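Engineer: Protein chains in written order, with our numbering: chain R, -3 to 302; chain U, -3 to 302.
To be clear, the hints were calculated from the coordinates, so they are not data collected in a lab. Source: prediction; values computed, not measured. There's no promise every hint is true.
Identical chains blur together in the list; that is why a pair holds if it fits in one copy or across any two.
[Stated by the list, open to error] Here are the computed lysine-lysine pairs in the PhoX-like style, where the Cα-Cα straight-line distance is at most 20 Å:
1) LYS16 with LYS100
2) LYS26 with LYS16
3) LYS133 with LYS51
4) LYS73 with LYS259
5) LYS215 with LYS16
6) LYS26 with LYS215
7) LYS86 with LYS258
8) LYS215 with LYS258
9) LYS247 with LYS21
10) LYS51 with LYS247
Protein chains: 2
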Amino acid sequence: MNIPAIAIHGGSGTIVFDAKNSELKNEYLKALNHALDEGFEMLKEGLSATDCVCKTVMILEDCNLFNAGKGSVFTAKGLHEMDAAIMDGKTLNAGAVAGLRGVKNPVLVAWDVLQNTPFVMIAGEEAIEYARHKNFKFESDSYFFSQLRYNQWHEIRGDDIMKLDHSGEGAKFGTVGAVAVDAEGNVSAATSTGGMTNKAWGRVGDSPLIGSGTYANNKTCAISCTGHGEYFIRGVVAYDVSCRMEYGGMKLEQAANHVIHKKLKRVGGEGGLIAVDSSGNICMPFNTGGMYRGMKNKMDSFTRIL
Amino acid sequence: MNIPAIAIHGGSGTIVFDAKNSELKNEYLKALNHALDEGFEMLKEGLSATDCVCKTVMILEDCNLFNAGKGSVFTAKGLHEMDAAIMDGKTLNAGAVAGLRGVKNPVLVAWDVLQNTPFVMIAGEEAIEYARHKNFKFESDSYFFSQLRYNQWHEIRGDDIMKLDHSGEGAKFGTVGAVAVDAEGNVSAATSTGGMTNKAWGRVGDSPLIGSGTYANNKTCAISCTGHGEYFIRGVVAYDVSCRMEYGGMKLEQAANHVIHKKLKRVGGEGGLIAVDSSGNICMPFNTGGMYRGMKNKMDSFTRIL
């Protein structure tokens, strides 16, 4: 038992850092370390895993380096559409939002859905109305603007096909997430995303879908995914890891690695995930060139990209 | 092996029929028999399971007795918002739509998403734009109007809480669905719903969520669920049945019954599901007073309510 513990991710993909952008690399590591330190501190202070993953994802949403919240990419219409989900592994309660625009912290709305509504998921214009009705903080377009994201979008706008989020020189899947186990051994997961650059038609990825991009269950583990969402939906990836543990008798590491390196890899599904079980075991597999990630417990702490 | 085979449902719940509405009961059975006969005929003619479940669900969407398509209930704003999903168990491709308004056959749009886009799920205003862009048939408000649904909504509108779809004298969960195995042993599932009477804030239930309300995999089975959606989402019910078979070694009947009668029942999750495996075994468990349902293969055919 090595609890409490936390792990976070800031997206997966082919991430290339060399001499000319080594400063950017340090910024990413610094941002990850900041979120990790804050998240772990909350756990040490006795906050629940659900509180912790929500607040840690908020920190990542507020950082414009990641494709979620402030750093969200542009849709085909030049908007920012955000999805988020949170699940509590003790109660199996969950909350999710899809298609939010203008909301500063989508994960907070997901958490509110979990706590204060009879629903699990709300989406679209009425979900935005809900966020207004509940007085969540909204930001103007300028808050979400970044020249880098704009240039990425500008490059491909008008093309019929949707192109993925890019960062640095290689293709990268945005999305941020956190999984945690608190001092009582309860696990929780949260995920938030700005979707894909130039995405059209109200496409919803795996992030806000319980069982696909986000899942938590004290019996098995808490999981947050990042990658090419459609593969994660078809594979019901987060719940698949959980089921391999619960029904197949696999340990966390074996289940998570199998799903990412065999099941997904076989069908060309690129991405990764972070997972923690109630004993504090952490696993962060990915089948892409890199994944912004980090973990922290009483014994150990690190952040990595490649 | 008893293939091809098809099963359908038209929602679960406490369904009360007595002397004064025995005619309505006959109408339900007639509608179910019509859809079953048409669906089975398609399979005999060699149509794929995916073709078959799509077209069979269309027949149910066009019947105003069921809460999907034409018969969809009213939302809190007096609108009709529809969700649908379809999954092909051979390819594991899937398509889903949420929050469609005015579209005659939501399942057709889901099927188009599966076939003609790189996405699995689209939602909200842009999904409606997509349906218009692809020239799907739209209908006016009068097409979706029914005095019964209107009265149900009128009774509870303005109340803060969302009340469920009602039918006859007892509470009933709407939703229609079909599962089929074709002559080649491929399984598919499709689900379509008008949601819940007076639903607010863009609530999305389990029907359009792959793994929750709809799932298909040749290795295990095809499943379509009906019931209190939030419990089906938290339990990732459709994929849970599949995983109990794939990883837990259960047969279809054992897995489906366990999920409906034990796992869901324990947490108060009301509803049911229909499932078929690639050998043509069919299972249709429910933990409510009744479920509109039917099955047909070369040897057998029946429709039932209680």
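Engineer: Could you run down the list of hints and mark each one as holding or not?
Structural biologist: Do the hints match the structure? See the list:
1. LYS16 with LYS100: The answer is neither: 32 Å in one copy and 55 Å across copies each exceed 20 Å.
2. LYS26 with LYS16: Close inside one copy (18 Å), not across copies (72 Å); limit 20 Å.
3. LYS133 with LYS51: within (15 Å within a copy, 45 Å between copies)
4. LYS73 with LYS259: neither (34 Å within a copy, 43 Å between copies)
5. LYS215 with LYS16: Neither: 46 Å inside a copy, 49 Å across copies.
6. LYS26 with LYS215: neither (33 Å within a copy, 45 Å between copies)
7. LYS86 with LYS258: Classified as between; 19 Å across copies, 29 Å inside a copy.
8. LYS215 with LYS258: So LYS215 and LYS258 pass the 20 Å test across copies only (17 Å; inside, 24 Å).
9. LYS247 with LYS21: Intra 33 Å, inter 51 Å, cutoff 20 Å: neither.
10. LYS51 with LYS247: neither (28 Å within a copy, 42 Å between copies)
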